[in-house]
Amino acid sequence: MLSYAIFSGITLGGMYALVAMGLTLQYGVSRIMNLAYGELVIVASFIAFIFMTTLGINPIVGLLIIIPLSFALNWIIYRILLTPLVARAKNRGMLEVDSILATFGLLFIVQGVLLVWFGGNYYSYDFMNGAVNVFGAAIAANRLVALGFAIVIGLGFYLILTKTRIGTALRAVAVDPTSARLVAIDVNFASCFAFALGGAMAAVGGVLVSMFLTFSTSMGVVFTMKALIVVIMGGVGNLLGALIAGLILGVAESLVATYVDPGLTIAVTYVIFLLVLLIKPSGLFGRASS
Amino acid sequence: MTSQVLLSIDGLHKAFGGLIAVNQMQFDVHEGEILGLLGPNGSGKTTVMNLISGALQANEGKVVISGKDITNLPAHKISHSGIARTFQLVRILPDLDCIENIEAGLAYRNNPLWGDDAQKAALDLLDRIGLAKQAHTPAGDLTYIDQKRLELGRALALQPKLLLLDEWLAGLNPSELQDGITLVRKLKDEGLTIIMVEHVMDAIRSLCDRCVVMNAGAKIADGTPDEVLSDPEVVRAYLGDSHA
Amino acid sequence: MSILKPDFIKPVGLGAVIFAALAFLPNFVDNYYMSLAISVVSFAVLATAWSMFSGPTRYISLATVVFFGIGAYTVAVLGEHMAFPLVLICAALAGTVIAVLVGFSTLRLAGVYFVIFTFGLTELVRQVVSWYEVNVTREMGRYVFLDITQNDIYWQLLALFAILLLTGFILARSRLGFALRIIGEDETVAKHCGIDVTRVKVALFVLSAVFMTLTGAIMAPRWTYIDPVIAFNPMLSFQVVIMALLGGPRRLLGPLLGVIPLTLLFEVLTASFPNHFSILLGCVFMVIVYLLPGGVIGLYEKYRAPKKRTLSPPDGNNTTPKSEEKAA
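Chains as they are written, first to last, in the numbering used here: chain Z, 1 to 290; chain L, 1001 to 1244; chain A, 2001 to 2328.
Treat the hints loosely; a few may be bogus.
Stated by the list, open to error - A partial selection of chain L residues facing chain A, derived with a Cβ cut-off under 8 Å:
1) Ser-1053
2) Ala-1055
3) Ala-1075
4) His-1076
5) Ser-1079
6) His-1080
7) Arg-1091
8) Leu-1093
9) Pro-1094
10) Leu-1096
11) Gly-1105
12) Tyr-1108
13) Arg-1109
If you're looking for bench data, these hints aren't it; they were derived computationally from the structure. Note that beta-carbon positions come from the ideal geometry of N, C-alpha and C, so glycine has one too.
The task is simple: from the sequences and hints, build the whole structure.
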């Protein structure tokens, strides 16, 4: 029972970490506080559902289509909706407030459209449901596959950011957009790219999650919430921090759901979040603000 | 110096990550004097001002005013212990008019003024800093020198024992500079103790009783303006800097 | 005493006359319109109370329904055990305690943490209340059978709104209100002027929360049955934010300008397009953010010659609308 709880916590935590990495990129580099983020996760889950149930495309193959599609979609969202806000914001605080309000609008529109199409029911599909024995616990194969993909994609993403030219440019913009401009980095392009890449991460998370969890149109907000908490816990812009924070959150939730009460998972998330805010608001691995 | 020590700083230390901005600073300020805090750009002068005024928290060391330890108190408590400041980049309250800007300093000090009393006191102060005519102008519409005056007025409204001026004379043209120097001298004559971070040498020579020179976060000289400005180490620190 | 000055007596007197006249509304309209009037007044209280804190500080609070729900639950739990005014006092106390806790743990931090925290707070409170009801009382819902008519609710809300406006009016002329304006302009300057900014923010947050809690308490008898899903419906928080922003949260009467059209619009929308409500709410958000960033009142101020700016050019081109101020 314990090893099952811990393993399912790690799978869940891996998803949180993956989704949060995308959000930390959007917030850390593009400076957009995207509260519609979780909706994009859920949209991807529903697309994977349609692929699987009506087109017969399995979610792994589906990723090949969904990743470029979500990248393009987020690119467009940034160019059309967010660029005007970035242009009119006089400082970071104002962009934060504006982006929060605009993405609220987006949240309701996306949620509303999903609700009209799919209604309020829970959805799931069968994909690799067979059990595999891991350390004495029977784990569904789809969880293992999801975790494996989360690790591979998360790692690839980490390498892109640390080893490539564009990754270095993104990190430079995250640290200081003004100075980044001085070394000939196209800050607008970098912001847009980071936003789109972050959105693609959200979509990957959505597809992987849909392989082993039931989902509904109203779950986007929960994903946004958890991703935000993981981002803050890990320290804004800190990918490894997001990974560790995501795992902590996933395991804590899974343990509470197994041993205390499944109805209290959000309470756990919140207690952890509150402790971080009270003790170290810059995040577990964030730099102290000066 | 025979007069009493007003402010005493000992072993003050501040690091931002790996960068040590202020390293074991130690100096005293005596009642009624103007102390110049000098040093090349980036030597940690503003950080010292921020540590004294509570805008930043020190890692180590002590700040004591009139015998009272105020190290790392929140900024509003430090302002209640008699320290007021201006900012390196002038900070006024742009949408409030000049009277309200001064009232901001009057309304939350130790013996606060509010209502008609505050209005009267604010007008008196505006008159003293030469802004009486602009009483109802939004502060954001003032010229640069007037914004600086207003910021000083707000600091004075707090009735401080010690005033921190962070490059208050920077960016003024020659005639404005003369006005500024006269204003600061008047404050000293009224008995106010002042620490000024300054690059304008004319102002330093004519106003400061004593100077502390910093380089790379540490104190390298302490004495009269003439003494410190002829100190070889100070010259070396400034070498290549246009103010040397 | 400044209270006896004409610039105080005039608006307060005018307000008293208007509210006295509104108290006679039940004599003229039928039940449907009374129910609409109750919606308008309750949203007016919520949006005005929200703006009292969030307008000057720019901390976007999504916790409105938390306090509203706490008020409603206090009535559900205590309503049959004590006199209604006592219940209201208990509700206000409960709201105060929660607001103090939330305020002191989050208002020291940057605004974005506060938004995120309040964003999830509703979910947390709803889960905790549900958990308590399922595991301790073993009843998911509660019935509110009180001898309170629709008209009573209307009058209580009207009185609450009058008190709120008077509070806001006095606040704007008080040291506390002035401190809040200074914090809105420049928090660092506020600290160096001797203002304990965290305490001021918490004080205002609590004040605003008390009015929200009371609204929930007064509205509770209207439902007869409540459960956590009804009492803590997150949509309410968003509706309040959007109403306040449409009207303009930086003026006392600003939110009212958003409340009236949007309450009517939402009323029509929920009746005719129940499934598309969320989409339309999203569109209203977009319209406000992109077309009306200062709210209706910001638009009005933009085209009105500035009153106090005697030395600035008369065309007022150099005045910045409130919405474009830098965020603290």
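Hint check:
no., hint, verdict
1, Ser-1053, "holds, 6 Å"
2, Ala-1055, "holds, 7 Å"
3, Ala-1075, "holds, 4 Å"
4, His-1076, "holds, 5 Å"
5, Ser-1079, "holds, 4 Å"
6, His-1080, "holds, 5 Å"
7, Arg-1091, "holds, 5 Å"
8, Leu-1093, "holds, 4 Å"
9, Pro-1094, "holds, 7 Å"
10, Leu-1096, "holds, 6 Å"
11, Gly-1105, "holds, 6 Å"
12, Tyr-1108, "holds, 4 Å"
13, Arg-1109, "holds, 5 Å"
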